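Since chain P is already given, all that's left is putting chain Z on it; use the hints.
The residues making up each chain are set out below.
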Amino acid sequence: MTALITGASGGLGRALAAECAAKGYDLFLTDISEQGLLEIKHGILRQYDVAVHTQVCDVTNPREVADLFAAIDARGIELNMFLGVAGIDFEGGFTQRGCDQILDIVNINIAATLRVTHAALEHRDTSQKFNVVIVSSLASQYPIPLKATYAASKRFLLDFSIALRQELMHDNVNVLALCPAGLTTTQQALDGIAAQGFMGRVTTVSLPTVARKTISKTLAGKATYTPGAVNRLLAVFGKLLPKSLIARLLYNRWSAAQEKWLDVSA
Amino acid sequence: MKTAVITGATSGIGLAVAKTLCRQGYAILGVGRSQTKCDAALKQIKTELPKSNAKLFCGDLAQQTDVNRLAEQISQHLDKNHDGKLDVLINNAGGVRNWYTTTHEGYETQFALNHLAGFLLTHRLLPHLSRAQGKMILTGSDSHKLMKMRWRDIMFKKRYSCLYAYKQSKLANLLFAKHFNDTLSDSNVRAYVVDPGLVNTDIGSKDTSGFVSWFWSKRAKHGVHPSVSAQTYAYICSEPNLTDLYYYRCEPKPHSKRVNSAGDAQRLWQLSEQLCNIDYKEALS
Chain P
1 MTALITGASG
11 GLGRALAAEC
21 AAKGYDLFLT
31 DISEQGLLEI
41 KHGILRQYDV
51 AVHTQVCDVT
61 NPREVADLFA
71 AIDARGIELN
81 MFLGVAGIDF
91 EGGFTQRGCD
101 QILDIVNINI
111 AATLRVTHAA
121 LEHRDTSQKF
131 NVVIVSSLAS
141 QYPIPLKATY
151 AASKRFLLDF
161 SIALRQELMH
171 DNVNVLALCP
181 AGLTTTQQAL
191 DGIAAQGFMG
201 RVTTVSLPTV
211 ARKTISKTLA
221 GKATYTPGAV
231 NRLLAVFGKL
241 LPKSLIARLL
251 YNRWSAAQEK
261 WLDVSA
Chain Z
1001 MKTAVITGAT
1011 SGIGLAVAKT
1021 LCRQGYAILG
1031 VGRSQTKCDA
1041 ALKQIKTELP
1051 KSNAKLFCGD
1061 LAQQTDVNRL
1071 AEQISQHLDK
1081 NHDGKLDVLI
1091 NNAGGVRNWY
1101 TTTHEGYETQ
1111 FALNHLAGFL
1121 LTHRLLPHLS
1131 RAQGKMILTG
1141 SDSHKLMKMR
1151 WRDIMFKKRY
1161 SCLYAYKQSK
1171 LANLLFAKHF
1181 NDTLSDSNVR
1191 AYVVDPGLVN
1201 TDIGSKDTSG
1211 FVSWFWSKRA
1221 KHGVHPSVSA
1231 QTYAYICSEP
1241 NLTDLYYYRC
1251 EPKPHSKRVN
1261 SAGDAQRLWQ
1271 LSEQLCNIDY
1281 KEALS
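Chains as they are written, first to last, in the working numbering: chain P, 1 to 266; chain Z, 1001 to 1285.
The following block holds chain Z by itself, in its conformation from the complex:
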């Protein structure tokens, strides 16, 4: 039985991908922030797909302590039930904060949740992915375009803008995936980024207030149902030998030229390793 870890699996795109992969016979290990929402999502999956093999783990991915604990729990579960093999890791959890807030480490929340959480979780689960010659998929966004890394103030301490912090975190997703493929071919794991398009989810309204929340609730109505985007994730999971990086509606798509900047990718990688206190080379040895 193939295995998939999906973060942000209790609503929106994550839940739709969980259901889609359940239908295709994957064992699903989901991650959600609130126990109540984890329970509700699991119930929903079990009701719609009684034969599914799904389990949900609860934790706040913005906090590195939680990411490390979740990784340990998932790792043990994989060792016990799936010969330690993980076929797909989908780093989907992400969010928007209209005020500057920090994690327990003092990192800006969007950078920590949208980028560092996936960077750290992938490192922790890399041996399992490697064993299954698996795939790592990030939920990206076309909002990474017309954006560059703000190296002088990567956590937006000056002039915080929730939109620009979000755009940068999505550019970071692409730089991470690109550098992953460029430098970790020994791992036999390949990274992909999905542009889900405009999807009707509550990403922009659940942790925000005022104008941002109002604007997103109006805009989201024009988005597609999450199950439409889920098809692209399922496509990447099932197709062998996909060589492109960025996918939209089951097709490769051009990304911003800035993603090709090896300097930016290398710099982000080093900074992320430092901020997570990890070394990717060690994970493979």
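Next up, chain P with everything else stripped away, as it sits in the complex:
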């Protein structure tokens, strides 16, 4: 059994890779950071008895994605799981960011995820159940001012995942959308959690717990996973309240937290 993971050298990618290895999956890891891939490969090989392949790949580049799957073919690997973790966000308002940066969010979070998911499905082992994990976000539940493009891109992934799951259900494929709130992955993320104070603390779920439950829920055939009871409650509010009201509430909250956060990061 082999799992393909994009964005594998980031905090969530590493945690999911370790969890897949613990479950006995061989790994095919990809990321834009060659050094990062090498480090997590070593970390996994020293802890788990699985095979780990790595290849550097910018998932927004069609040629590199083609090369990635050519390498998977060349090794005679058929995939049993795909975890699309690669994604980005740039903090700040729409007009405060260059248009290219804004479009990068769409290119990476949406276009690249679709490209790799499509290719992964073509390279799946059809003799067994195939599992797809798409990393969406709790942000997918709301229109979020100052994170407008990011939140909308994650909404796209959520709706896409749920629809794709239905499409492929009879082909022995499950698709799970992971919708986490803050994760303790980077210093910037930790600063963000600290800046949100109490809300940051109660919405943050321990990284290995998120990884463990993501895999177990995927294997159990679930459609979505939102880590943390508070976050699931917040997601319900997102469904009940009018979108413009949510946007107003979130704007007031985010602009204060972001000011503090960017202050910390600076």
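Simulated from the structure, these hints should not be mistaken for lab results.
Note that this is a predicted model, so its numbers are computed, not measured.
Careful: at least some of the hints might be erroneous.
Here are the computed lysine-lysine pairs in the PhoX-like style, where the Cα-Cα straight-line distance is at most 20 Å [stated by the list, open to error]: (1) P:Lys-239 - P:Lys-129; (2) Z:Lys-1046 - Z:Lys-1002; (3) P:Lys-217 - Z:Lys-1002; (4) Z:Lys-1002 - P:Lys-23; (5) Z:Lys-1158 - P:Lys-213.
Covered stretches of chain Z (in silico footprint by chain P; criterion: 3 or more residues with CB under 8 Å from a CB of chain P, positions within the stretch not fixed) [said to hold, decoys possible]: (6) 1078-1089; (7) 1104-1113.
A virtual CB, placed ideally from N, CA and C, is assigned to each residue, including glycine.
Just chain Z, lined up with the frame of chain P:
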């Protein structure tokens, strides 16, 4: 001129030990995480002790790539300037993380920084220490007491607690030093652990937030000045033939009985060698 490598040398106990050993004529090779803090610490040492021989290397000891690079730089420096001899290695760098975070290898950060970094750096510098019949000192803590190794989940993937992860890493320091002395007598290097006591440093507040950070900032105020603890390190460096393992205020001190568990020490040693991809026996051959 005697040489000392001190990790975490830009603030707190590490900086105080660096200054103390500078005064005693040691050449100091310090390690710090941020270049800005390295520059500031070096400036402070040079201002207070104009004749000192100190150099700082910058790197994040939680990351093994950085530990290996630092070891290489320090090794070259020792070969060039000090006949390849290292008299004292002080594995002092340590930290607290109130959230579960991982290193680039996917290891839990406190375990990687507080234990594995010293384990790996000591291995890399062992030939230099051996040449000088040197000493290796770890910064331990009485918090290792009432703690046992969580073998089923050593990196606290389930129910992470920053306090228990810290306590375990400090127990690991003692098990490492104990097993080092028990099995590597051929190296002519001896390992010691210092309990610095409660010291007024920012260890519990610089990489944490919320309650942990607040609690530590209050608690640290009751601690002694780092220079008080530094005396114990200087004492171990200067006294020949010290045979105990654990020291506090220049006196031997009893440690937890669990440190005497040869099984735990052996198991931790093997796991650490595996996680760092090293073999101590090879370092000596």
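The hints, checked one at a time:
Restraint check: the Cα-Cα separation between Lys-239 (chain P) and Lys-129 (chain P) comes to about 32 Å, which exceeds 20 Å; the hinted pair is violated. The suggested pairing of Lys-1046 (chain Z) with Lys-1002 (chain Z) holds, with an alpha-carbon distance near 18 Å, which does not exceed 20 Å. Restraint check for Lys-217 (chain P) and Lys-1002 (chain Z): the C-alpha separation of about 59 Å exceeds 20 Å, so the hint is violated. Between Lys-1002 (chain Z) and Lys-23 (chain P) the CA atoms are separated by roughly 51 Å; this puts the pair beyond 20 Å, and the hint is violated.
With a CA separation close to 12 Å, the supplied pair Lys-1158 (chain Z) and Lys-213 (chain P) stays within the 20 Å bound. Using a Cβ-Cβ cut-off of 8 Å, 0 residues of the stretch 1078-1089 of chain Z lie near chain P, which falls short of the minimum of three, so the contact claim is violated. With a threshold of 8 Å between beta carbons, the proposed coverage of the stretch 1104-1113 of chain Z by chain P holds, since 4 of its residues qualify and at least three are required.
Comparing the model with each numbered hint stated earlier shows that hints 1, 3, 4, 6 do not hold.
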